[in-house]
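Peer 1: Now for the letters of each chain:
Protein chains: 2
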Amino acid sequence: MQEQTKIYNKAKTFNNSQLRAVIRSGEYKGQTAGLSKNMLQTNLIILEKNYALDFMIFCQRNPKACPLVGVSDVGAPFLKTLGKNIDVRTDVPSYNIYKNGKLHRTVHEISNLWNENLVAFAIGCSFTFEHSLIKHGFTIDHINENKVVPMYNTNIKNLKSGPFGNTMVVSMRIFKKDHVNNVINICKKFHFAHGRPIHFGNPEEIGIFNIFEPDWGDDPRPLLEDEVNVFWACGVTPQNAILESSVPFCISHTPGYMLITDIDEGAEIPIIQ
Amino acid sequence: MQEQTKIYNKAKTFNNSQLRAVIRSGEYKGQTAGLSKNMLQTNLIILEKNYALDFMIFCQRNPKACPLVGVSDVGAPFLKTLGKNIDVRTDVPSYNIYKNGKLHRTVHEISNLWNENLVAFAIGCSFTFEHSLIKHGFTIDHINENKVVPMYNTNIKNLKSGPFGNTMVVSMRIFKKDHVNNVINICKKFHFAHGRPIHFGNPEEIGIFNIFEPDWGDDPRPLLEDEVNVFWACGVTPQNAILESSVPFCISHTPGYMLITDIDEGAEIPIIQ
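Those sequence lines, one after another, are chains A and L. The opening residue of the first sequence carries number 1 in this note's numbering; numbering runs sequentially from there. The opening residue of the second sequence carries number 1 in this note's numbering; numbering runs sequentially from there.
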């Protein structure tokens, strides 16, 4: 654990292209919260092209959870609009392989799985507003502790497209009740990174009955008396849609282990000009 | 002309669903700038499904000109996420039919042309920020005069996707030089309606050599000494891409004659919940 913390602290000193290089070489295989501050990080979904249109429409209809920030050409494992030399086969620290809607295994690179029928989708990520919150003096538990943010399935239905539907996944952070309005104001401008929270206060209202058992990520601590759980739409939502859809084959990032891009978090649009 | 002004002034008193009703019945066939204030209006592109993925990726890569706000299911002429009972076959005052990349004819409804292979795309429109500018006390020439905003082809290359590329189309409005910063600040928050201007000052810099001969819409007046031409990315850009692509069949709105939705212009996301 101490060794992991050391590696994470070293990774914190790297810029975005240095980080992609050590991830590509296999030197860094950890989670990416708190790394490469100021640069957009993204969720990743890779699908066969016959599912690509339905999936893209799914993202368009569920923009709070699935803000689409980049799409590859069919068969090309590159995301040219998000950065120089981004190769989706090697540049994510950990991938989930899904077969027939079930998690099959987790791997560190997917070069042997890529083929000319695949399309890669990059979806905005909450790490973007976290950096902004930290700059404004807020503390984020899971970053301080080098953990993965807790994520939960909810009872909020996604709008359907083709085989994709299911319910929204949310990420959770703890803030003082008095600070929630300020947190909302900071986050709402990040329209390609989930924007304002979708709920705060009562987890049961959105179908979360045990806050100490997240469906993805690490367990959170109990609240202090003046604190509240704040929930954001989460880019793991598409993986939830994949689970229900039973599509034959899908690759995603492992929740918390993101793709690091060359896009400034404050950019008006997520496109390298 | 006087009769048209009378009809336009009457249309100004209608709300969004009343307007869609008189457009659907054929009673109102005019342009829609200045109508149904506060409600999102959109550009429309209808394509055969084998071009839909490439086109959607084109929009994702060119979000200033092509902010995608709604997509139909394949074969369904409805945009359910943008409003109740929106039928793209009848709810736009004027349509352009393109065949093999050439403008074939202009019609007032397309019920006889719709088929189960078609997909409809709605793209954000500058009328959204115009309403906000008017609320802030600015005057918009073409609205005052019931004309269509002047639009120009430029030398700004779009990012390509499949057969879609070509150059950006811009719309132009005249403001006092001293007011440009204020105009930018008002417009920049409308990220699904072209956002901040892409240029002001010298039209030749973006490839416009005769400001008095727009490629679409009505001719503008000359500038006063303290005024400047301000240019926004325009939702007619996809029609320009269609012209170059030579896709066999495409239907669009006629520039200036938009689809009126039930989405509030100030909404965080363009989705009916």
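Misleading hints may appear alongside valid ones.
Chain copies aren't distinguished; within one or between two, either way the pair holds.
[Stated by the list, open to error] Cross-link-like lysine-lysine pairs, in silico, DSSO-like; alpha carbons within 27 Å at most:
id, residue 1, residue 2
1, K99, K37
2, K84, K160
3, K80, K157
4, K29, K157
5, K37, K157
6, K157, K84
7, K80, K49
8, K160, K102
9, K80, K6
10, K189, K135
11, K177, K12
FYI, nobody ran anything at the bench for these hints, they're computed from the structure.
Peer 1: Reference check for the pair K80 and K49, CA-CA at most 27 Å: within, between, both, or neither?
Peer 2: For K80 and K49, both the intra-copy (18 Å) and inter-copy (25 Å) Cα distances are at most 27 Å.
Peer 1: Can you give me the call for K80 and K6, within, between, both or neither, at a CA distance of at most 27 Å?
Peer 2: neither (32 Å within a copy, 51 Å between copies)
Peer 1: Under a CA distance limit of 27 Å, which applies to K29 and K157: within one copy, between copies, both, or neither?
Peer 2: Close neither inside one copy (33 Å) nor across copies (38 Å); limit 27 Å.
Peer 1: Evaluate K157 and K84 at a C-alpha cut-off of 27 Å and name the case that applies: within, between, both or neither.
Peer 2: between (36 Å within a copy, 19 Å between copies)
Peer 1: Checking K80 and K157: alpha-carbon separation at most 27 Å within a copy, between copies, both or neither?
Peer 2: Between copies, since 16 Å is at most 27 Å while 33 Å is not.
Peer 1: For K84 and K160, with the copy left unspecified, which applies at a CA distance of at most 27 Å: within, between, both, or neither?
Peer 2: Close across copies (17 Å), not inside one copy (34 Å); limit 27 Å.
Peer 1: Up to 27 Å between alpha-carbons, please classify K37 paired with K157: within, between, both or neither.
Peer 2: neither (32 Å within a copy, 31 Å between copies)
Peer 1: Should K189 paired with K135 be assigned to within, between, both, or neither, using CA atoms and 27 Å as the limit?
Peer 2: both (15 Å within a copy, 22 Å between copies)
Peer 1: How do K99 and K37 come out at 27 Å by Cα distance, when the copy is not named: within, between, both, or neither?
Peer 2: neither (34 Å within a copy, 49 Å between copies)
Peer 1: As a check of your reading, is K177 near K12 (CA-CA no more than 27 Å) within one copy, between copies, both or neither?
Peer 2: neither (30 Å within a copy, 45 Å between copies)
Peer 1: Using 27 Å as the alpha-carbon threshold, which applies to K160 and K102: within, between, both, or neither?
Peer 2: This pair counts as within: shortest intra-copy Cα distance 20 Å, inter-copy 35 Å.
Checked against the numbered hints listed earlier, the structure breaks hints 1, 4, 5, 9 and 11; every other hint is satisfied.
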